[in-house]
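J.: Chain residues, written in single-letter form:
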Amino acid sequence: MSQYLKVNTTISGQEHLIEALQKQGFHPLVHDIALPLEGYGGDKRRETAEIVIPRRQVGNASNDIGFKRQPDGSFQPIISEFDSRKYNAKWVAELKASVSIARITRMARRQYGCTEPQIRDVETPTGRKRVVTFTLPS
Amino acid sequence: MAKTIVCSFPLDDHTLPTEVDAGGFHGKGCKAVTQAFATALGATVSTTDKPEMFQNSGGNVLVNR
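The listed protein sequences correspond, in order, to chains A and B. For the first sequence, the working numbering assigns the number 1 to the initial residue and increments by one for each residue that follows. For the second sequence, the working numbering assigns the number 1 to the initial residue and increments by one for each residue that follows.
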């Protein structure tokens with residue numbers, strides 16, 4: 001049985017998190033209350049989550065991936081040790097970036113009248129970065 | 001010159017800082033824009049003595065350079 005690991009980060013914005021997961025081809029389940037995650041054999045685990053990628057969507061012999069709501073409304077990813085080989089820190093970082101970009105794009109449009117931002121990926125000494133440029137109307 | 005806001009998100013490590021560069025803004029305007037983006041990202045103002053730095057609950061730092 002692969003144990004679950006709580007990823008040491010949180011992702012803010014339920015609506016954008018679900019949208020980002022859907023863009024990756026997942027069909028996440030959304031619960032009002034946190035429900036137990038399922039292991040690869042269908043066994044209920046003690047870890048619970050409100051947003052769940054069902055194990056069959058994650059991969060063969062995989063476990064559910066969960067996103068547990070935190071007191072501040074953000075979500076903490078819960079990924080099994082087995083699945084964290086594929087759904088690793090890079091996957092979480094890209095997911096978090098996608099959600100954040102969706103959030104600030106909406107805010108920039110509403111608050112500053114910005115159109116769609118320019119987005120490009122660059123290599124830096126500290127790793128890859130997604131650079132998002134908003135231009136304000138003059 | 002058009003004002004721009006550039007946000008850089010780390011893709012390899014979610015513990016690295018996110019940066020916000022409010023180009024063309026100055027003083028209070030600069031801080032206001034950065035704060036607006038910090039808020040949209042779920043960030044709060046850090047207790048740092050550097051007023052241009054913000055920190056969110058996930059431990060990331062937004063730096064307005």
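Among the hints, erroneous ones may be present.
Said to hold, decoys possible - Reference excerpt, derived from the structure (chain B facing chain A, CB under 10 Å, subset only):
id, residue
1, ALA2
2, PRO10
3, ASP12
4, GLU19
Said to hold, decoys possible - Simulated restraints, written as ranges between beta carbons of each label pair:
id, chain 1, residue 1, chain 2, residue 2, range
5, B, ALA32, A, ARG106, 12 to 22 Å
6, A, LYS86, B, GLY29, 38 to 48 Å
7, A, GLN24, B, THR15, 16 to 26 Å
8, B, GLY29, A, ILE119, 22 to 32 Å
9, B, LYS3, A, GLU15, 24 to 34 Å
10, B, ALA32, A, LYS44, 47 to 57 Å
Calculated from the structure, these hints are not laboratory results. Ideal Cβ placement from N, Cα and C applies to all residues, glycine included.
J.: State for each hint whether it applies.
T.: Quick rundown of the hints versus the structure:
1. ALA2: Result: holds, 5 Å to nearest chain A Cβ.
2. PRO10: holds, 6 Å
3. ASP12: Because about 4 Å separates ASP12/B from the closest Cβ in chain A, which is inside the 10 Å limit, the hint holds.
4. GLU19: holds, 8 Å
5. ALA32/B - ARG106/A: 12 to 22 Å: At roughly 18 Å between Cβ atoms, ARG106/A and ALA32/B fall inside 12 to 22 Å, so the hint holds.
6. LYS86/A - GLY29/B: 38 to 48 Å: Between LYS86/A and GLY29/B, where Cβ atoms are some 44 Å apart, the hint holds.
7. GLN24/A - THR15/B: 16 to 26 Å: Roughly 21 Å apart at Cβ, these two residues keep to the hinted range, so it holds.
8. GLY29/B - ILE119/A: 22 to 32 Å: Holds - the Cβ-Cβ distance for GLY29/B and ILE119/A, about 24 Å, lies within 22 to 32 Å.
9. LYS3/B - GLU15/A: 24 to 34 Å: 28 Å Cβ-Cβ, so the 24 to 34 Å window holds.
10. ALA32/B - LYS44/A: 47 to 57 Å: 48 Å Cβ-Cβ, so the 47 to 57 Å window holds.
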